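Undergrad: Sequence:
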Amino acid sequence: MSKRVKKWLLGILGLVLGLLWLFPFYLILTNSMKTSKGIFSSVIGLPVNGTFSNYTQAWAALDFIRSLFNSLTITIVSVVLICLASSMAAYAIQRNHSKVSNVILMLFVAAMLIPFQSVMIPLTTIFGKAQMLNIPGLIFMYLGFGASLSIFLYQGAIAGIPEALDEAATLEGAGHGRIFFTIILPMLNPMTVTVAILNIVWIWNDYLLPSLVLPQSGYTIPLQTFFFFGQFTKQWNLALAGLMLGILPVIIFYFFAQRWIIKGVTDGSVK
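Here the sequence shown is numbered in the working numbering, starting from 1004 and rising by one per residue.
No lab work stands behind these hints: they were computed from the structure.
One or more hints might be untrue.
The calculated label-pair distances, taken between Cβ atoms and stated as ranges, are [said to hold, decoys possible]:
{"#": "1", "residue 1": "Lys-1010", "residue 2": "Gly-1163", "range": "34 to 40 angstroms"}
{"#": "2", "residue 1": "Ile-1107", "residue 2": "Asn-1137", "range": "51 to 57 angstroms"}
{"#": "3", "residue 1": "Lys-1010", "residue 2": "Gly-1233", "range": "47 to 53 angstroms"}
{"#": "4", "residue 1": "Val-1204", "residue 2": "Lys-1010", "range": "30 to 36 angstroms"}
{"#": "5", "residue 1": "Pro-1252", "residue 2": "Val-1008", "range": "41 to 47 angstroms"}
{"#": "6", "residue 1": "Phe-1232", "residue 2": "Gly-1053", "range": "34 to 40 angstroms"}
It should be emphasised that the depicted structure is a prediction, and the values quoted were computed from it without experimental measurement.
The C-beta atom is built at its ideal place from N, Cα and C for all residues, glycine as well.
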């Protein structure tokens, strides 16, 4: 088989896989603009008389602005804190060559193996007694749960940065803080993008932890979507419109940030 034929076959395979991946989004989008009768008469077909009234009803029922603000606040603050705290901790662990540092790193790695369900009840009990079952408490929990993997990734990236840079900066009179923020952290940009993506996807889509921690006024988009979908199970047109509103922010984020996401992932893999 020639290279040209292989190239065509791979292209066709990629096109088929792409269409299969897009098919669920096509179903959600088209059926969200139909009436209930239109959905059951033709699930796959295009809407005959498309309407956006489903979206206006779903927007109001989801309290979309408030839930979007809550999700953005929790995700952005959590990811910024995770990236900053984890990179600083990884720098301290990597540059401090001692048995204590190795033990601390192993503890962080071991923490990744602990399932959330095993600490779920004691965690919510302790935070309940501290009156932290709210958005700040949830952010604090995300910082703890996201630190282990992030520190592990940052530690590997920092290990590839020569310590000679630190020594040269020290001779110029720079302290550890200045060395980290002016030299090390900018060199960690590819890994920071990778860590941020991993945590954004996890935190934005998380349902279990917010359902245990947040009051109704702090509901995120996944929580609001869950309760909305249960309320409108028999009205699939409204339910699918609400589901589309729930996934739309992630699609918009990826559309505008895809260049930095792809660059960060590829640079991080090379490192």
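Undergrad: Per the hint of 47 to 53 angstroms, is the separation of the Cβ atoms of Lys-1010 and Gly-1233 within bounds?
TA: holds (48 angstroms)
Undergrad: Verify the CB-CB distance for Pro-1252 and Val-1008 against the hinted window 41 to 47 angstroms.
TA: The hinted range 41 to 47 angstroms holds for Pro-1252 and Val-1008, with Cβ atoms some 42 angstroms apart.
Undergrad: Verify the CB-CB distance for Val-1204 and Lys-1010 against the hinted window 30 to 36 angstroms.
TA: holds (32 angstroms)
Undergrad: Are Ile-1107 and Asn-1137 spaced within 51 to 57 angstroms by their CB atoms?
TA: violated (30 angstroms)
Undergrad: Between Phe-1232 and Gly-1053, is the Cβ distance one that fits in 34 to 40 angstroms?
TA: violated (22 angstroms)
Undergrad: Assuming the hint says 34 to 40 angstroms, is it satisfied by the Cβ distance from Lys-1010 to Gly-1163 or not?
TA: Cβ of Lys-1010 to Cβ of Gly-1163: about 35 angstroms, so the range 34 to 40 angstroms holds.
The structure does not agree with the numbered hints 2 and 6 stated previously, though it agrees with the rest.
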